[in-house]
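Next come the chains, spelled out residue by residue.
There are 2 protein chains.
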Amino acid sequence: MVNETQHTCSASSSSKSDGGSSSGSESSKDNSRCSTPVLDADRHERLREKMRRRQDSGDKWFSLEFFPPRTANGAVNLISRFDRMGAGGPLFIDVTWHPAGDPGSDKETSSMIIANTAVNYCGLETILHMTCCNQTKDDITGHLQKAKRLGLKNIMALRGDPVGEEWEEEVDGFDYAVDLVKHIRNEFDDYFDICVAGYPTGHPEAESYEADLRHLKEKVFAGADFIITQLFFRSETFFKFMKDCQAIGITCPIIPGIFPIQGYHSLRQLVKLSKLEVPQEIKDVIEPIKDNDAAIRNYGVELAVSMCRELLDSGMVHGLHFYTLNREVATTEVLKRLGIWNEDPRRPLPWAVSAHPKRRVEDVRPIFWASRPKSYIYRTQEWDDFPNGRWGNSSSPAFGELKDYYLFYLKSKSPREELLKMWGEELTGEESVFEVFTCYITGEPNKNGYKVTCMPWNDDPLATETNLLKEQLEKVNRRGILTINSQPNINGKPSTDPIVGWGPSGGYVFQKAYLEFFTSSEIVTALLKVLKKYELRVNYHIVNVKGQNITNAPDLQPNAVTWGIFPGREIIQPTVVDPVSFLSWKDEAFALWIEQWAKLYEEESPSRMIIQYIHDNYYLVNLVDNDFPLENCLWQVVDDTFELLN
Amino acid sequence: MVNETQHTCSASSSSKSDGGSSSGSESSKDNSRCSTPVLDADRHERLREKMRRRQDSGDKWFSLEFFPPRTANGAVNLISRFDRMGAGGPLFIDVTWHPAGDPGSDKETSSMIIANTAVNYCGLETILHMTCCNQTKDDITGHLQKAKRLGLKNIMALRGDPVGEEWEEEVDGFDYAVDLVKHIRNEFDDYFDICVAGYPTGHPEAESYEADLRHLKEKVFAGADFIITQLFFRSETFFKFMKDCQAIGITCPIIPGIFPIQGYHSLRQLVKLSKLEVPQEIKDVIEPIKDNDAAIRNYGVELAVSMCRELLDSGMVHGLHFYTLNREVATTEVLKRLGIWNEDPRRPLPWAVSAHPKRRVEDVRPIFWASRPKSYIYRTQEWDDFPNGRWGNSSSPAFGELKDYYLFYLKSKSPREELLKMWGEELTGEESVFEVFTCYITGEPNKNGYKVTCMPWNDDPLATETNLLKEQLEKVNRRGILTINSQPNINGKPSTDPIVGWGPSGGYVFQKAYLEFFTSSEIVTALLKVLKKYELRVNYHIVNVKGQNITNAPDLQPNAVTWGIFPGREIIQPTVVDPVSFLSWKDEAFALWIEQWAKLYEEESPSRMIIQYIHDNYYLVNLVDNDFPLENCLWQVVDDTFELLN
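For the protein sequence lines, the chains are U and R, in the order given. Its first residue numbered 1, the first sequence is counted upward by one per residue in the UniProt record's numbering. Its first residue numbered 1, the second sequence is counted upward by one per residue in the UniProt record's numbering.
Hints were generated in silico from the structure; no laboratory data involved. Being a predicted model, the structure only gives us computed values, none of them experimental. Careful, some of the hints might be misleading.
Note that identical chains are pooled: a pair holds if it fits in a single copy or bridges any two copies.
To be verified - In silico BS3-like links for lysine-lysine, alpha-carbon gap of 27 Å or less:
hint, residue 1, residue 2
1, Lys533, Lys493
2, Lys182, Lys532
3, Lys532, Lys493
4, Lys475, Lys533
5, Lys107, Lys272
6, Lys451, Lys475
7, Lys148, Lys475
Start from the sequences, fold in the hints, and give me the full structure.
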């Protein structure tokens with residue numbers, strides 16, 4: 001969801017997930033909602049059921065493995081990567097468990113919190129790894145309880161590597177992954193889907209390949225739902241392993257782990273850790289080009305594609321698991337060349353669906369957070385159910401406090417220096433702020449030659465679909481109507497429309513035109529006069545930072561601004577202009593002036609005081625044109641306002 | 001709502017009430033619904049608030065008084081009258097309390113049950129009279145509790161006339177209406193709106209006119225909300241009374257009681273009971289024409305219109321209360337000539353809204369009961385709230401048992417002899433049943449010369465709007481597709497459309513085409529083949545009496561078939577095809593064959609066996625064309641089916 005564009009057109013980089021949605025298999029207890037779209041069968045299925053359904057339907061799938069980053073900045077980048085790679089439609093992602101990185105803590109770089117972010121904020125079906133060695137039973141139970149509380153529903157149960165050289169048994173702990181599997185089943189019954197690791201050439205520490213297969217069978221029989229294998233270099237290795245597994249009675253899915261070679265050093269390190277043997281023919285190719293990263297990566301992609309083709313063509317393999325090393329290019333390239341990177345323009349809803357089981361029935365959100373979906377999810381995380389009672393007569397429950405809005409996943413991705421270049425090292429007046437908004441709209445460089453690719457309210461550049469509106473937007477921003485969100489009206493386009501479509505095929509989608517902006521009290525005064533002429537057609541909410549609130553909306557009722565009609569279903573209205581939540585959004589929208597922009601400058605500096613002035617004196621305005629079958633009248637409203645001012 | 005017509009077009013005689021909707025002032029506690037249309041401010045107001053709002057806005061209004069009928073047949077007729085007179089938009093109706101008729105009982109003719117029917121089944125704001133003499137406190141409390149339970153929110157508190165000649169004080173009872181008012185306020189706080197009687201010429205038993213005014217003031221100060229007066233013959237009588245009331249500090253609304261003279265004998269009887277003096281000038285006109293009912297009624301209408309005009313023109317009167325004597329013509333005529341009979345084609349929802357406070361949030365119903373709304377209300381009376389959880393994933397709660405469907409307000413209004421004339425004294429085969437359906441559609445007389453004006457599934461004649469569909473319907477009924485419900489598709493007509501509009505102005509209404517019919521298994525077999533071609537477009541449910549159920553609907557999800565988009569509001573979807581409730585409707589729809597039709601004939605008679613055969617072997621089919629912007633394809637589906645059979 002990007003500023004100034006069709007609100008339903010998410011930019012390619014925005015957080016979107018068709019692939020993973022929910023691991024919920026909660027019994028479908030009564031819910032007291034009048035609309036239950038169930039747009040996406042995925043949302044009601046457990047991971048193992050999704051896997052089975054894909055296998056039955058013959059659809060090939062992929063999954064992606066990531067490890068927790070070391071720094072907070074790395075975490076922000078990784079989450080952007082989740083959003084981008086999530087767009088390709090992975091069946092799930094998994095996050096490794098780093099015993100040395102305090103993996104169960106609340107640190108922004110912990111395994112637990114990264115997995116939490118993936119499931120809740122990026123809407124991805126997520127498996128959290130967990131190792132058992134060197135930990136007490138109670139520690140492990142605590143981690144599992146926390147994972148459950150955060151909405152995680154899948155665990156990869158591993159032994160883990162002992163710390164240090166000597167193997168020490170933990171008193172009251174577990175020695176083997178099989179013990180962890182049993183423990184999860186004992187303590188949490190069937191709540192988690194459990195994955196275990198398989199070693200196509202046998203675990204390096206196992207007595208023998210056969211002994212290792214027996215250990216694997218024990219893990220499966222103890223309650224594991226599927227197996228992901230260690231990486232391997234030849235498809236025959238996997239085929240043999242799979243047949244050997246089947247021969248001893250292992251019938252659950254076995255997913256081959258794919259490692260696209262991305263560089264000389266990463267390969268060497270991995271081989272050292274995994275104690276795997278790199279085949280001579282690969283070494284022969286790589287050694288001569290070891291200093292040419294691009295060449296090695298190209299070779300790695302080639303190699304991976306050809307091995308994956310063999311695997312998929314065998315008919316024995318339905319899904320591929322990728323060791324991404326937290327990198328994007330090589331894996332994405334392999335997936336695209338295999339034709340299983342599935343950037344489906346159709347979305348189940350016009351915004352990114354969270355994969356937390358308790359949010360699986362969420363099907364309506366206020367439009368205000370369209371460009372800040374993670375902030376919305378964060379601020380509503382305490383809500384018990386979605387969207388019951390949110391948009392009815394009862395007033396919305398409290399939104400989470402703003403004090404936490406500096407949390408790492410709500411911060412700008414750009415460093416201060418870059419923001420200053422975009423938004424101005426020095427502001428000379430309100431007009432220089434208008435200029436920044438205008439440059440963001442037009443895509444033209446500012447007077448110092450820098451493009452403005454983000455704004456405090458929009459972390460992403462303007463979507464290309466906005467070209468149609470650009471001229472109007474440029475004109476109004478130049479004159480001090482500082483737009484931060486808008487959508488055009490739509491009167492029944494097919495749900496499969498590549499730009500504005502969402503939901504199942506065979507349906508029709510609709511929108512009311514929407515425009516949201518900051519502007520001065522002078523313009524508001526003129527605007528209110530103009531709006532009298534549009535009283536029956538346009539609903540408005542106009543509010544300043546102190547909460548002074550001018551509106552013609554009936555009572556505190558929400559206004560549906562995006563809805564869809566589908567075969568055999570109830571009406572779905574995923575986006576509303578809700579008067580109550582607008583006041584919470586108002587706090588956030590005004591605070592962004594200060595937190596993201598004003599604080600770039602020295603205290604008491606003229607630049608800072610200009611932003612502070614705007615923050616203190618401007619109004620936040622939203623307008624809805626209710627007459628969706630007619631031509632959008634909101635531009636006329638703005639034109640009339642300027643005319644009145646002249 | 002009438003068979004074969006735009007489902008949203010209620011025939012003039014169908015149960016419709018724009019006037020009274022709800023007496024609910026229940027605190028607006030949280031309700032967990034995602035759509036809360038609040039289409040009609042009336043639905044949230046108490047009667048006294050509605051009255052005040054009308055007074056503030058200057059809209060004149062009227063109300064209608066009825067008494068409980070003596071027989072069950074009379075009750076059925078009175079309820080039809082409620083529906084018809086309710087269409088004119090009364091602010092409320094009131095039902096008198098007949099101490100001799102066991103008024104608080106569950107008899108179908110009791111005051112309590114008639115008032116219950118008016119509020120719950122006819123959707124009329126209703127005042128129940130209650131008298132206090134000759135009753136114990138406990139009796140009265142019991143009546144009031146029952147009234148509250150049934151959804152009644154307004155009481156007219158009266159003393160009542162002593163039984164027999166002698167005045168006897170009831171031990172532990174009340175002697176005066178003021179005691180009853182106090183009792184209601186003591187026991188039920190502010191729950192009820194209370195009305196009391198005023199006597200423009202003084203109560204016949206009062207010591208004096210002045211003493212009577214003081215009694216009235218006591219009643220008001222004890223907690224009465226407004227006053228309705230005894231009838232009078234000259235507007236000056238009322239004006240003087242009103243000024244005298246104001247002079248002693250009575251400030252609540254005083255509503256004049258209007259008695260249009262409808263006949264010589266009814267006037268004489270009323271005068272005797274009320275001990276009123278008929279002015280000489282009226283006697284002079286009436287005496288000579290006392291045997292000419294029409295002439296007296298015309299005179300009475302003339303007289304009432306001219307007095308009402310004087311009252312309304314004075315600016316002191318905002319509403320008029322009519323003593324109807326359970327008759328329709330004279331009162332309706334007066335109201336139409338005054339211009340306050342308000343047959344607004346706009347309805348808050350496309351079906352009649354019940355006025356029970358607990359149903360005030362009801363905004364979605366299955367389409368199946370479109371022609372039997374009272375049956376739907378009856379069968380869902382135990383539901384706690386509407387429509388929460390009804391149409392979501394959770395299955396619908398149990399509908400009320402069918403065993404009670406012979407209740408008087410669900411019975412056919414026509415006597416057995418008439419039904420036999422319409423539906424055939426003797427049936428010769430399935431074709432003679434097809435013929436009955438066809439005659440109902442065409443409006444042509446059957447072979448014995450009788451018009452078929454109702455069917456077991458439709459108590460009213462075919463609406464005139466159906467002419468457009470008549471040709472198609474005739475064709476298919478003649479061939480054994482026995483239609484009982486249908487609606488055309490509508491793609492965004494204004495909500496003010498006189499035929500299909502509903503809800504507030506400025507909105508747009510939509511429908512998916514719907515067709516429901518009984519048919520043989522042979523036709524069903526062909527239909528299913530044809531439907532394969534329409535798999536993605538048409539949803540169907542096909543079920544026989546044993547419950548064998550064939551459908552292509554996803555899961556058990558409801559399909560919205562009527563919805564509206566309004567300025568500043570959420571989407572409203574008042575009608576759905578709900579797979580779960582269809583199975584309850586199926587029981588009712590099949591039972592009507594037997595209960596209303598087969599049982600007209602002797603047991604074991606060929607006619608009865610023909611209906612029994614249809615009941616046992618036919619299927620009930622419903623079809624929805626999901627592609628509402630395109631031309632309705634359901635007729636094509638039926639045509640293709642006949643083609644396949646040829």
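Hint-by-hint comparison with the structure:
In this assembly of identical chains, the alpha carbons of Lys533 and Lys493 lie at most 27 Å apart only when taken from different copies (24 Å versus 29 Å within one copy). For a Cα distance limit of 27 Å, the shortest separation of Lys182 from Lys532 qualifies neither inside one copy, at 69 Å, nor across copies, at 49 Å. In this assembly of identical chains, Lys532 and Lys493 lie within 27 Å of each other by CA distance solely across copies; the values are 26 Å between and 31 Å within a copy. Taking identical chains as interchangeable, the C-alpha atoms of Lys475 and Lys533 lie at most 27 Å apart only when both belong to the same chain, with a minimum of 22 Å there against 52 Å between chains.
Proximity of Lys107 and Lys272 under a CA criterion of 27 Å is satisfied in neither setting, with 29 Å inside one chain copy and 90 Å between copies. Proximity of Lys451 to Lys475 under the C-alpha cut-off of 27 Å is restricted to the intra-copy arrangement: shortest distance 18 Å within a copy versus 69 Å between copies. Taking CA atoms no more than 27 Å apart as the test, Lys148 paired with Lys475 passes in neither setting, with 50 Å inside one copy and 62 Å between copies.
Taken one by one, the earlier hints fail for this structure at numbers 2, 5, 7, listed in ascending order.
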